[in-house]
Each structure stands twice: as C-alpha cells, then as structure tokens.
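2 protein chains.
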Amino acid sequence: MPDQTSHKPPGDGLRADARENRDRILRAAREAFSQQGIDVPMAAIARRAGVGVATLYRRFPTRDALVTEAFAEELTHCVSVLDEGLADPDPWRGFCTVLERVCLMQAVDRGFTQAFLTDFPDQLDFAGERARAEESLALLVRRAKDAGGLRQDFEPSDITLLLLANCGVATGAGEEEAAVASRRLAAYLLQAFRAETVAALPPPARLDLGRIHGAGG
Amino acid sequence: MPDQTSHKPPGDGLRADARENRDRILRAAREAFSQQGIDVPMAAIARRAGVGVATLYRRFPTRDALVTEAFAEELTHCVSVLDEGLADPDPWRGFCTVLERVCLMQAVDRGFTQAFLTDFPDQLDFAGERARAEESLALLVRRAKDAGGLRQDFEPSDITLLLLANCGVATGAGEEEAAVASRRLAAYLLQAFRAETVAALPPPARLDLGRIHGAGG
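Chains as they are written, first to last, in my numbering: chain A, 12 to 228; chain B, 12 to 228.
Some hints could be false.
[What the hints assert, rightly or not] Just so you have them, the derived chain A footprint on chain B, three or more residues with Cβ under 8 Å:
| id | region |
| --- | --- |
| 1 | 106-114 |
| 2 | 186-195 |
[Unchecked claim] Residues from chain B shown here face chain A by an in silico Cβ test under 10 Å; the list is partial:
| id | residue |
| --- | --- |
| 3 | ALA144 |
| 4 | GLU146 |
| 5 | SER147 |
| 6 | GLY159 |
| 7 | GLN163 |
| 8 | THR182 |
| 9 | LEU201 |
| 10 | ALA203 |
| 11 | PHE204 |
| 12 | GLU207 |
| 13 | PRO213 |
| 14 | PRO214 |
To be clear, the hints were calculated from the coordinates, so they are not data collected in a lab. Quick reminder that beta carbons are idealized off the backbone N, C-alpha and C, glycines included.
Using the sequences plus the hints, can you model the full thing?
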C-alpha cells in the first residue's frame, strides 16, 4: 500500500491563480491520459490546459510527478468511498452507497475507471490499491449478505457486471443524460440485488474488475 | 413499411459452396459496415470474406444490393422477435422474451444494433422499421403493465437503458463471456422491472432508441 500522505493534494498554500493553473493542468492531464495513454507529450497537455509549457514544468518537474498527482485524488476518493461504505452500521445501506457513488463517479468522470483500473502508472502501486479495493468490495458483499440485505446468489463478479453496464449507459446516454441514466440503472440493479428478490438467476459471468478498463469507461 | 418479400433470404436454391460464399460475404459486409460505415471499399469486403472481387460482384452486382441484403436478415429477425412477443398470451412473458432475445442478439452479434438503429442505409426504410419497432415496444410495455406484470413507473426509455447497459456488458465482457454476462444482466433487470418490486426509482433519462448506435453496440 503506498504511503497515504503522498495522496494529499499538495496544492494547498498556492496563490489562487497558481492553484487554478494547477487544477487545469491536472484536469487536462487526466483527460489526455485516459484518451491517449500516459505517453502523450507534455506539450500536448500544456496546450489542452491552456498554459505554457514552462508553467507546466514549474508545477510538475517530471512526467512521473504529473501522472502520480493526476491519479492520486481519484484514488483517494475511491478508497474513501469504500471505507465509508464499510463503516456504515447498516451493511446493506453501505453496500448501496458505495455502488451508487462509484457508478456516479464513473458516469461523470470518464477518466475515473481507467485511472483506477489500468495498469499503466507503474509509479503508483495501483495493483496493490486495486487488490485492496477488491478485498474491501468482497467484505462489503459478505457483510451485506450476512445482514440479510443482499441476496445470497449475488457474486462479486456482479459488481463488475454493474460497472460494465453503467459504463455502457454513461457512454451511450451522452454527457447531459449520463448522470440521470446512471442513477436510474443503479437503482434498478440495486433493487434486483435485494434479498427479497427471490427469482432464480442464470450463472454469473467470469468478470474480474480488470475487465472494465477495456470497455471505455 | 418496406415490402416484406424483399426480406426473405434470396440465397435459397444456390449450390452449397455458392451459398457458403454468399454467407461469408454477408458476414464480412456486416462486420465491415458496422466497424467502418457503409462506404468501405467493396474490395476490402471481398478480402475480409476471403473471396475474389469477381465473386463478390457476381453475388451482389451493386453496393446497394449488398447493403440491403446484409441488413435484411437481422431486420426480419428483429421484427419477428417483436411479433412473437406481442403474440404471447401472457403479456409479461412476452415482454421478458423480447428483451432477453434482443439482449442476446446484441451480445453475440455486434453489428446487430447498428444494423437496426443507424440511419445510414438510405436504401432501406430503416427509419420506418425503427418507428414500427418503437410502436411495437410501446405496445408491449402497455400490455405488460395492464396485465400487472410490469411496474407502473417503467418508462419506454428504460428499454434503451437496458440495451445501453447490455452493450457495455457485451463490449466489456469479451467474446467468451458476452452471452453469459448479458443473460445475467437481463435477468437482474427484468426482476427489477417486475411489478412486485415496489421501491421508488429516480427519474428516467431521456433516451430514445437512437442513442444506442453511438455506444458501440
């Protein structure tokens, strides 16, 4: 597990305009990385952010620094969503909250899923974070089943199924409708995941979380 | 509505090898059209099908003939699925059967959705067929609600939601798992669509069927 202190935004203490530049660069970097991969030229990121190359290098002296920072916030956010879900005294509510929030993040921030699930940033211990996320999700599932909220035939791979479905909805619905459509899909699926829904299911697909980054989400 | 007789496969009566060539050309054409649009060179289709250009032109003297034939079978299939669903004496079962079958077609044949939903083949009355499909779907929904099987807050746009979700699952699950994953997703969503599932839903997204062809399904 990487040092958590490396995840706090180091933009604190910057002047307002410097802070704004920094945020624009990080946003541009995330977009560029998720569309073109992390080998995209630094100059292209500066152009996309509307800042000079000198400004970009003043904020982020190396590509590694930029990659790490671009994904750190999302990683922190994702980990915190899982932690909050696990801390909920009502396991079923915790389970629902996590999936609703992850779906919404995936719907409104197209770089989010790649950021968390792709293997490319060797600089960060993404594989370690992903393994930790999978453990947390498995625990979330087990608790929600034990508490009687989640149906017993729910499989961890059904979380991947949900995220892939959500990815299709977010991609297809277009920017304006993505959040509304994603929320509706998540609500339908969470209702189907309830223990009271007793109808039999066909067998689960073999889908690990790594499936998602290939799906454009 | 186009003349239904134009939709019967005119390959009947061909010798086995000629028939096989014809099927390979149609398969290659559907793939090429759905990946690259219908302006793809005829030579590229011949190459993809593994036949000579002369053979391609002997079977399909014009591009129009090829486009029409490539999509005719899927159109006929889709229309027949809807007609069978509407003919089912149990409206809820008819509704489920249609959605299950359409999801499976979408999962195993990536060109299917584009074929039916894209606007490009001006040669066929696709807009007319699509309008007819939307009417049939609306009727299917109304009957299933009236019979008490389908929840009252189900919206026709939820069919698009299902198809977009299914598209994401089929794309992300990979060829081997696509059918299994699609079947499981459809089962979950159909259970959520049941009238007994009484929990409130967030508002529906504004999603007409045309949304789907942009989503890579």
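Structure-inconsistent hints, enumerated in ascending order:
Numbers 1, 3, 4, 5, 6, 7 - these are the hints that the structure violates, sorted from lowest upward.
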